[in-house]
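*Asks:* So the chains spell out like this:
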Amino acid sequence: MIDAIRHALGRIFFFFRSSRLEKDFSSEMTTHLEFAVEENLKLGLSPAEARRAALLKLGGLEQTKETVRDHRGIPFLETLLQDLRYALRTLRKNPGFAAVAVLTLALGIGANTALFSIVNAVLLNPLPYDQPDRLLAVYTHTPQFDRSSISYPNFLDWRRDNRTFSALASFRGENYNLTGVGSPERLEAEMVSATFFPMLGIRPVRGRLFFEQEDQVGAAPVVLISEGFWKRKFASSPDAVGKSLTLNGTLYEIVGVIPGTFHYENNNFQTAPEIYSPIGQWNDPLFRDRRVGMGMDAVGKLKPGVTLEQAKSDMNTVANHLAEVFPDVDKDSGVTLVPLKENVVGDIRPFLLVLFAAVGFVLLIACANVANLLLARSTGRTREFAIRTALGASSARVIRQLLTESILLAIAGGALGVCIAAWGTKAAIKVLPEALPRAEEIHLDPRALFFTIAISVLAGICFGLVPAFKSSRTEIQDTLKKSGRGGSASRHRTQGVFVAMEMAMAVVLLVGAGLMIRSLANLWNVDPGFDPRNVLSFSLASSEPLGANPAASRALFRQLRDTISAVPGVQSASLTVGSSPMTGDSELPFWLEGEPKPASQGEMKNSLFYIAQPDYLNVMKIPLKRGRFLNESDNEHAQTVIVIDEQFAKLYFGDKDPIGHRVNLSIINTTAEIVGVVGHIKQWGLDSDATATIQAQCYIAMSQLPDSILSAFGYGTGVVARTDGTPMATMDSITHALEKVNGRMVVFGTQTMSDVISDSLAAKRFVMVLLGVFAGLAMLLSSIGIYGVLSYVVGQRTNEIGIRMALGAGRFTVLRMVLTQAGEMVMLGVIIGLVAAILLTRLMASMLFAVSPTDPVTLGAVALLLTAVALVACYIPALRATRVDPMIALRYE
Amino acid sequence: MPDSKLDLLQGTLDLMVLQTLAAMGSLHGYGIARRIEQVSGNEVLLNQGTIYASLVRLQQRGWISAEWGTSDNNRKAKYYSITRRGRKQLTQDAAYWQRLSIVMSRVLATSEGEGKP
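Residue numbers (my numbering), protein chains in the order written: chain A, 1329 to 2221; chain B, 23 to 139.
Think of the hints as simulated: they come from the structure by calculation, not from any bench. Be aware that one or more of the hints could be misleading.
To be verified - Pairs of lysine-lysine, DSS-like flavour, derived with a Cα cap of 25 Å:
1. Lys98(B) <-> Lys1370(A)
2. Lys100(B) <-> Lys1351(A)
3. Lys1385(A) <-> Lys98(B)
4. Lys100(B) <-> Lys1385(A)
5. Lys1351(A) <-> Lys98(B)
6. Lys1659(A) <-> Lys1933(A)
7. Lys98(B) <-> Lys1393(A)
With the rest of the complex left out, here is chain A (with noise of 0.2 Å):
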């Protein structure tokens, strides 16, 4: 055992000295032979028979060199060497085919390191916090929505009555005015249960977490601050823990510090919140009514071993005995439960996969073209190998060299694939971070840096097998005589089958960034009901109550109205609060008065509600479709109105005319007359509004409302507003008058209309610009091949070429023949590629709008576009081949 280890060591040493050692042994064996040659001389032979003979003797010099050598070091290593210093020198030699073929291989491998690195992180990865398996999000369940949000009183009592967790928590977003550090401020904040942080396992970087009995009405007001927000205001000061902050005009202190790594993801937590407040102190009365969810969702963890089947059996029980308690709210609610990672991605996961399926084709492309350019290559090379053969070259030693040549353009390809890698997954997140969840866990990490390399190495083995087993087979003797013309049917047909394969995947790709091009083009095209262009929508807070009493707020909104409609350059304005088109949706249970009370909640009919001023219809141009809209003597005064739209009409009223008729407001207390009918607007997207659960919509004016809710929506309204022109230059002068009637109100949340309509689209349009982009570089890849593949023949045919034109072929015959070889490539792949696109564009069509899977104009339109592309590409090697002078051709031979 010793001994080997000696021995191994005996040979790594010799290996690293082995340039030393050669000369030594040469200096050695001219010794040896001076020996010989001297003592033959003394036995009487002449000076040419003595060296003679002792060369005979000591046996061929570089024999006994080659075998003293084999001996010395290690030989595997050595001969590697040797190859790798061949492959850099035939490289540097060629730089153009190295550069296509290293620059091929980056952009195949980057694209898909890049790409692997996000899905890893958003589909693969666990959620970054304590056993995440383990956690669920939870959501009320009624009969319009599988996932809605959680009355407060309803949540106590499914964390009283569960017996399969182990912790529930809930949270709201809400937003708080800071005073008294410098200029007001808006800051997001998060309403969180005691038990939320404990549960996912974070700890505060300062200070403590919350208590459970600060989780109540009447604890003294605490708060936790983001590290974001510590370093801000406090500069990460030790001490800033024990201070208070002024939030809405009351004293919280700070206990502890929320670190920056964390973050939740769900709609009804903040992007970024900065403050977390106890959510058990909150006592607003509709907060505490059952029947009212106040955009509070839950998240919950699993006690050990408890299956997600017993926890929504437990949960049924749970909320069956509260239906019993509660018949006239709770009756046909249930409760929702899914996994929290789940909710998180599973949204964005078919996007993904797809993606990642368009960018598995791209690498494949990028391996058949670089498989091509070394096929090529190697033909030209028959020559070479059969000389190395008839040397005495095994063809596993033949094999192994090709092999370390196509391994050393993938590690090299590879190595670039990682730099495109790394600044393609930063510009992904850059460019698109609202369509995409968990983005701030996405970098790149050492699984998929480790997947690129397997990916690169494997890649060089397989493409650099297929020539390296072709050029093996070589028949030396006819490939000596041929004198360098050959090159088979048989290897042009195996490149034939190479680009036919990648344009059938080029057109694969380009039917996938089709069809999404043609669903985002349609989905622009939607009327969305009203109309966007210039108009401003933006929020207004205040850290007070608006108004004293309900009539002082009701006189402070008309004069908010006035205010904001007399600033030049705005033609209409109307404060909104309830629904917001496709941010925001909140409903209305009600019954058509004659029928008789619905005896829950539950099966009242519901309606999207847009509390809004006389002034909303003009501002966002929806269509009076009959009777009137609110105006201003729809005041606390008068008799409550409600206009609704046509969809709520058809559903309700069918044939007959709704105006006149009248519907109970549960919530509100009130019964409403139906004035007039408008227009339906796309409340849940452009795409999902046909198949949205809850259609009919209704308005009523803001000051109808009731004083109760009222004081709800006191401390802050929205605002939309119709400009000339450039609204983001209007909003300043808003601003600013906002600014003289009442100094404390922020403005916050300013869109225009068209950037929220643009947002809605923000998945699909990150889909579309990877798939276009993916789509492009597979036909620019494939364009590439067939560029090669044609160029290399053209030369192989040179001779060829020249005979025909010297026995008359014109020029055009010439274009013709080699444009028809090309094109039975291209129709073969592109025959190929469409029939994949039909059966593969099927998985895609939950992402499109409008267009069929199969929508024979884009299938037309990708055939058309690649054959021209392809034919381009093949134009200049085609046209080369009609400028082949007979005489030079001829001369080859």
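With chain A held as given, fit chain B onto it using these hints.
*Replies:* The following block gives chain B in isolation, referenced to the frame of chain A:
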């Protein structure tokens, strides 16, 4: 000189080199080759080149060492000598060979029929 010479069995050349160096002290490659030829009475077919592969092998195992020196007729040559570990190895291998050759001669000495009961 007989028509056919002896082919060397695997491993025997290393042993011959060790024994030669043990007997003669330090020697250069040519000297070792010649010495083996002489001792064998020119019975061994020695491609002198193969000596060098053996020398490298023995060096790597640490059984011999080498250093450059000057020959009697003033030539620079590499001189090999056996190490302490080499001597130990030689003792072992020589004993093994002797045992093997005794066994071989016994086996070959048995005439036909002798083994029958």
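*Asks:* Does each hint hold? Answer for all of them.
*Replies:* Evaluation of the provided hints:
Restraint check for Lys98(B) and Lys1370(A): the C-alpha separation of about 20 Å stays at or below 25 Å, so the hint holds. With a C-alpha separation of about 13 Å, the suggested pairing of Lys100(B) with Lys1351(A) holds against the 25 Å cut-off. Restraint check for Lys1385(A) and Lys98(B): the C-alpha separation of about 21 Å stays at or below 25 Å, so the hint holds. Restraint check: the Cα-Cα separation between Lys100(B) and Lys1385(A) comes to about 19 Å, which is no more than 25 Å; the hinted pair holds.
Restraint check for Lys1351(A) and Lys98(B): the C-alpha separation of about 14 Å stays at or below 25 Å, so the hint holds. Taking the CA atoms of Lys1659(A) and Lys1933(A), the gap is about 14 Å. The hint holds against a cut of 25 Å. Restraint check for Lys98(B) and Lys1393(A): satisfied, since their Cα atoms lie roughly 20 Å apart, inside the 25 Å limit.
In summary, the structure agrees with every hint in the numbered list given earlier.
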